[in-house]
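Student: The lines below spell out each chain.
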Amino acid sequence: MEKILRGETLAEVDGALSDVIVDFDMERICKDAFSLDNQVVYFPVRHHSPACAYHLQEVIWEYQPDCILIEGPDGANELISVMTDEETEAPFAVYYSYKDSEGIISKEAEEYRCYYPFLDYSPELVAVRAGVKNNIHTAFIDLPYAEILAASEENRGLRKNEEKNNYNDDYYLSTSVFMKRLVEKSGFRSYDELWEKYFEIDGMFLDSREFIGNMLYYCVLSRLTSRESELLAEGCLAREAYMRQNIAQAKEKFQKILVVTGGFHTYGLLYGQKEHSLHNIKKENQGVYLMSYSMEATDGLNGYVSGMPFPAFYQAVWEGLQNSCENASQVYRDTVLKFLVSTGKSVRKKNGSPSTYDEICAFNMSENLAKLRGKRCIGAYELWDSVLSSYVKGEYTKATDLPMRTLRKVLTGDTIGKLCKNAKVPPLVYDFEENCRKYRLKVGKTVKTELVLNIFASERHRQLSEFLHQVDYMDTGFAVLVRGPRLALRKDRNLIREIWSYKWSTQVISALISASVYGGTLPEAAVSKLRAELKKNISSAKASECLIHMFEMGLCNLLGDAFTRLERIVLEDGDFFSLVKTFSNLIMVDELSGLYRSELDVTGLIRTVYRKLVIELPHMAQMKDKDVPETMEALKTLFTIMEKDAYREDRQMFVDALYALIEKKHINPSLLGCGMGILYGIGCMDADLIGRKCAGFLAGTGEKQLEAAGVFRGLFFAARDLLLVGDDYIRIIDEFIGRVDNEQFMKMLPQFRIAFSYFTPTEIEKIGSAIADMHGIQKQEFNALAYVTPEQYSYGTQLDEYVMGLIKYYG
Amino acid sequence: MGTREADMIKPPVEVAYGEELEALRMNDTAKKPMNWKMSPQAVKTFILGSDKPVVYNGKTYDIKKKYLGNDTLVERCIVTLAGNRGLMLVGEPGTAKTMLSELLSAAISGSSTNTVQGTAGTTEDMMKYSWNYALLLEKGPVPEALVPAPLYIGMREGIITRFEEITRMPAEMQDSLISILSDKVLTIPELHEDGVVFAKQGFNVIGTANTRDKGVNEMSSALKRRFNFETVFPVREAALEKQIIINEVEKLAAENGIEMSSDEKVAELLASTYHELREGVSSMGHQIDKPGSVMSTAEAVSVYYQSMMSAYYYGDGTISMDCLVQNLVGAVVKENRDDLEKIRGYFNTVVKDKSGKEGGLWKRYYEARRWLK
Chain A
1 MEKILRGETL AEVDGALSDV IVDFDMERIC KDAFSLDNQV VYFPVRHHSP
51 ACAYHLQEVI WEYQPDCILI EGPDGANELI SVMTDEETEA PFAVYYSYKD
101 SEGIISKEAE EYRCYYPFLD YSPELVAVRA GVKNNIHTAF IDLPYAEILA
151 ASEENRGLRK NEEKNNYNDD YYLSTSVFMK RLVEKSGFRS YDELWEKYFE
201 IDGMFLDSRE FIGNMLYYCV LSRLTSRESE LLAEGCLARE AYMRQNIAQA
251 KEKFQKILVV TGGFHTYGLL YGQKEHSLHN IKKENQGVYL MSYSMEATDG
301 LNGYVSGMPF PAFYQAVWEG LQNSCENASQ VYRDTVLKFL VSTGKSVRKK
351 NGSPSTYDEI CAFNMSENLA KLRGKRCIGA YELWDSVLSS YVKGEYTKAT
401 DLPMRTLRKV LTGDTIGKLC KNAKVPPLVY DFEENCRKYR LKVGKTVKTE
451 LVLNIFASER HRQLSEFLHQ VDYMDTGFAV LVRGPRLALR KDRNLIREIW
501 SYKWSTQVIS ALISASVYGG TLPEAAVSKL RAELKKNISS AKASECLIHM
551 FEMGLCNLLG DAFTRLERIV LEDGDFFSLV KTFSNLIMVD ELSGLYRSEL
601 DVTGLIRTVY RKLVIELPHM AQMKDKDVPE TMEALKTLFT IMEKDAYRED
651 RQMFVDALYA LIEKKHINPS LLGCGMGILY GIGCMDADLI GRKCAGFLAG
701 TGEKQLEAAG VFRGLFFAAR DLLLVGDDYI RIIDEFIGRV DNEQFMKMLP
751 QFRIAFSYFT PTEIEKIGSA IADMHGIQKQ EFNALAYVTP EQYSYGTQLD
801 EYVMGLIKYY G
Chain B
1 MGTREADMIK PPVEVAYGEE LEALRMNDTA KKPMNWKMSP QAVKTFILGS
51 DKPVVYNGKT YDIKKKYLGN DTLVERCIVT LAGNRGLMLV GEPGTAKTML
101 SELLSAAISG SSTNTVQGTA GTTEDMMKYS WNYALLLEKG PVPEALVPAP
151 LYIGMREGII TRFEEITRMP AEMQDSLISI LSDKVLTIPE LHEDGVVFAK
201 QGFNVIGTAN TRDKGVNEMS SALKRRFNFE TVFPVREAAL EKQIIINEVE
251 KLAAENGIEM SSDEKVAELL ASTYHELREG VSSMGHQIDK PGSVMSTAEA
301 VSVYYQSMMS AYYYGDGTIS MDCLVQNLVG AVVKENRDDL EKIRGYFNTV
351 VKDKSGKEGG LWKRYYEARR WLK
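For the record, the sequence lines run as chains A and B.
Heads up: the first sequence begins at 1 in this note's numbering, then just goes up one per residue.
Heads up: the second sequence begins at 1 in this note's numbering, then just goes up one per residue.
Calculated directly from the structure, the hints in this document are not laboratory data.
A quick note: this is a predicted structure, and the numbers were derived from the prediction, not measured.
A few of these clues could be false.
Keeping only pairs whose Cα atoms sit at most 16 Å apart, straight-line, the calculated EDC-like set for lysine to aspartate or glutamate is [stated by the list, open to error]:
#1 K283/A - E102/A
#2 K185/A - D51/B
#3 K65/B - E184/A
#4 K224/B - E395/A
#5 K352/B - E367/B
#6 K160/A - E184/A
#7 K31/B - E102/A
#8 K64/B - E218/B
#9 K393/A - D414/A
#10 K251/B - D263/B
#11 K338/A - E359/A
#12 K536/A - D573/A
#13 K766/A - D728/A
#14 K393/A - E218/B
#15 K345/A - E367/A
#16 K64/B - E92/B
#17 K185/A - D71/B
#18 K581/A - E545/A
Heads up, incomplete: computed chain A residues facing chain B, CB under 8 Å, no partners named [to be verified]:
#19 I104
#20 M365
#21 D385
#22 S390
#23 V392
#24 G574
#25 F577
Even for Gly, the Cβ is constructed at its ideal location relative to N, Cα and C.
Please work from the sequences and hints to get the whole structure.
Tutor: Right under this line is the structure:
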């Protein structure tokens, strides 16, 4: 580490950054930060690092502080007793939420949340546990979550528009200009590999002072190469000011204070000057809860920017170090071997082929790679490379990457944390548990149970169904609809029962805790979630799907301003296909409102969409073949709706639009057929005229003739009775087929097949009889046509050959 | 009589980098696997380069990076070769598999020419040994009548035997490697008690296989088990591809006495074209139809070098875009005429937009589209 941080490599990196680094006196910084004679000792950490955690343990033992201050929003102080309860097991996360009803953060008055995950080897958790165990005053000292939000600019820091915001800010270290250059220069594939070599592995061979010296050097350089304006925008400077204030207060009470923070902040805590004033945000809008967490969620490779990759690997290393800290090499060696064997075993179970000899080769390779790379012992990256070389047979593709997928899985781990019984839960969890009691659902045990609900016959079943839909909408993973009407997918709408399968688990509670930012009860949370969804830039089709979910959840009466927002989305949507879907969804909601006991009136909205569609219709003449079925379906729906009394006044508008459509010069043939069919159905187009148009296509030149089948497809889709009322159409098609050559016919056959698929079996029989009559054939003759099986044909051929042979033989 | 280095079209690695290898050997203090000419660390330095120059005999050698690609792959290859298994390099054509295997053999064994060229006609005697029939008739099956082939030589000398295009060899020929790789013994029944060659330390096999030939003669799983596989992927960064083109072209030019330096902008343009056509998306976001033929970096080097030669011998010393486009068409449109349409589409969208945006070379490149026929 000395060499890389203070040697030539750094000189090259440093050279490029010399203008940024001014007045850099590392010796002074080290002395100010980490001298055990000081009243305050600053311990810089990376948030999930076994080496940092190990040295922190050593320093606590050596320094014997009477106060430990830890980076983390101070709202979590009330959770320290739960975090250190014997029953509580990592991984868990502190969940912070804030409902900005006062509009302090932004005018939008949105909900915010973030997570602060802890693993057994997180230095902060090690500090909390050591503090409580040794009766040392232990506290989190960062700004409350809501204040951090207020101090951050839009889309920066914890206000980033991400699915999951995490409190940890190690990304400052990995993404600094300094670190990027260092990784490039030293030939590592990633920052994490560099970190493993110089801090996780080498760090275990250093005494704590040297280790902290290296940490400080690297963190200070990262800090000095970051822009102050960035730190201000992300709320980093405000947080450090608040932490400094808390440290100053502690100095009045305690003699030996150990401050455990991300190494990036140490410099700011030592020398920062800025003051920060609070916004005094109402406490009732802020929530802080502890929730169980998974290894998967803490894996840096799953998008958790602050996390280290391979949590299960480092957990095993941490456990090994707890038992045998003197021999870190052996701990890493044993861990790599353990993962090589478990990966081999898992791959073999899934029909993979690594043999014991492959495992031996892989282990040898990992050891030799470590030597070649100048590492003191094998790490996760050598493990990765050795599996890639020794377990993957053949070209590395999706077909052969099973060993790597398996390795990735075992390196991540599947451990899920557990909370003690005293853990406080938010009102949303109470509401859920209350409802479960009300409906006598089994919770507390992870047993899968099935429920059959007669949703239209029993009021209680309908209410239970609404509850389950609400729980499902909040993505808790508690209940799954196995069978029943799925309105949003437009599937199984004819079913009258719902079959649900539900299973309680700690994950469900965690999901509910993380959804608690939306509200205190499930209906309230669901409507808030819908509102948040509608605020995004979504299509009217997607918005109407949200409405269907509300409909299923029985929450339409709570929509309020969300319905106005939905109307606006519809008005602003100019996409024909999206509007078509919206139209169908709204019609469905309208049709089923009686059955689902909903009082939501969507007729006004339907009319709006209807008019928008009719206006758009003439412009849809030249569409791609793949969009044709959807458009024809839309035309048919429009036709059906227009027949209803409520929409009769718009009928002429529709007819005009249809005429405008079919009169377009370049129109998709199927659409032309469909348009004519609907006009015939309405009574605005004569059957003879349609017949003449069709005959024109059939008698046309090459390309036009090919289009004829498409016209029939559209025509029979919309008005198949045309073919059944007389023989005219059958005759012209029959004549045409008799006339056209084989090649042309084969080209048209697929469209003709689709065209005739719209008829029922009885109608097909009727058409068949009419054709048979035309050709003077009796139906029985068709029935008499025997089907020759391949075996019969083969037997016949053999028989022929045999007879021919005999004839030849006898002359 | 051997060819002088200056007369060779392409001198082998151990000749081209002879002095550099010697300098590295003399400065190598790390432990060497038995019979290796240098330590794994020095092999790595030779292939991946070093910032620190090596001094030998009063001369300073800058060790340049020779393989521009995945560094960790090279490390795995070195470690594999020091172990008990063979190394199999697989990948698309033109991904520098052969170059890597030559570099490894030259550094480890001091020879990259102990090679079997795999073809459909490769027989066992081309791999193991054959006989000098005049001597055989005169003296019978005696050791001096035996003509050693690369596998025999590799085992006897303790050096690496390279198998090029192993999947083009018939399956039964491939399988004759199985027992040799397992037991490290070659039996010559004709020589009776003298007929057992035990492989000397340092012997190993590097195979290369082209993934486009998959299915020609698929390797048996028994043989696969004797190898560690390394898949060499095409270069994914246009900037790196540009650097490879420049390095390779300059090397070729030096070897062939062409006194003309490479044009970085042309290399960048060509790297960008190959990169975009291979990935199916342009740097400006256009979705592009990928040609069916191989769009390897080696092909890009060849297109550049052809254009460079034309400029040197027949032109004014600067690469003309007309010539570049003609060579590009020749390289891409080989098996399928549809590829020409795809290149044309690329010019009519991506090159057109870039010529409007960047002008200069891209504009001239676009104007040369008339050669797309």
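Student: Taking the hints in turn, state whether each one holds.
Tutor: Structure-based check of all given hints:
For the hint pairing K283/A with E102/A, the CA-to-CA distance comes to about 12 Å; that is within 16 Å, so the pair holds. Using a Cα cut-off of 16 Å, the hinted pair K185/A and D51/B holds, with the two alpha carbons roughly 10 Å apart. Of the pairs offered as hints, the one joining K65/B and E184/A holds, with about 15 Å between alpha carbons and a cut-off of 16 Å not exceeded. A threshold of 16 Å between alpha carbons decides the hint, and for K224/B with E395/A the separation of about 11 Å falls inside it, so the pair holds.
A threshold of 16 Å between alpha carbons decides the hint, and for K352/B with E367/B the separation of about 9 Å falls inside it, so the pair holds. Using a Cα cut-off of 16 Å, the hinted pair K160/A and E184/A is violated, with the two alpha carbons roughly 28 Å apart. Among the hinted pairs, K31/B with E102/A is inconsistent with the structure: their alpha-carbon atoms are about 70 Å apart, more than 16 Å. About 37 Å separates the Cα atoms of K64/B and E218/B, which puts this hinted pair outside 16 Å; it is violated.
The suggested pairing of K393/A with D414/A is violated, with an alpha-carbon distance near 27 Å, which exceeds 16 Å. Of the supplied pair hints, the one linking K251/B and D263/B holds, its CA atoms being roughly 14 Å apart against a limit of 16 Å. The hinted pair formed by K338/A and E359/A meets the criterion: a straight-line CA distance of about 11 Å does not exceed 16 Å. For the hint pairing K536/A with D573/A, the CA-to-CA distance comes to about 13 Å; that is within 16 Å, so the pair holds.
Among the hinted pairs, K766/A with D728/A is consistent with the structure: their alpha-carbon atoms are about 14 Å apart, no more than 16 Å. The hinted pair formed by K393/A and E218/B meets the criterion: a straight-line CA distance of about 12 Å does not exceed 16 Å. Straight-line distance between C-alpha atoms of K345/A and E367/A comes to about 20 Å, which puts the hinted pair past the 16 Å bound. With a C-alpha separation of about 25 Å, the suggested pairing of K64/B with E92/B is violated against the 16 Å cut-off.
The straight-line distance between the Cα atoms of K185/A and D71/B is roughly 13 Å, inside the 16 Å bound, and the hint therefore holds. Distance restraint check for K581/A and E545/A: the Cα-Cα separation of roughly 9 Å lies within the 16 Å cut-off, and the hinted pair is therefore satisfied. A distance limit of 8 Å between C-beta atoms decides the matter here; for I104/A the minimum to chain B is near 39 Å, and the interface restraint is violated. This hint holds: M365/A has a C-beta 5 Å from the nearest C-beta of chain B, less than the 8 Å allowed.
Given hint, D385/A at the interface with chain B, holds; its Cβ is 5 Å from that chain's nearest Cβ, closer than 8 Å. For S390/A, the interface hint holds, the least distance from its beta-carbon to any beta-carbon of chain B being 6 Å, beneath 8 Å. Annotation: interface hint on V392/A holds; nearest CB of chain B at approximately 6 Å, less than 8 Å. The beta carbon of G574/A comes no nearer than 23 Å to any beta carbon in chain B, farther than 8 Å, and the hint placing it at the interface is violated.
The criterion of a C-beta within 8 Å of any C-beta in chain B is not met by F577/A, whose closest approach is roughly 21 Å, and the hint is violated.
In summary, the numbered hints that this structure violates are 6, 7, 8, 9, 15, 16, 19, 24, 25.
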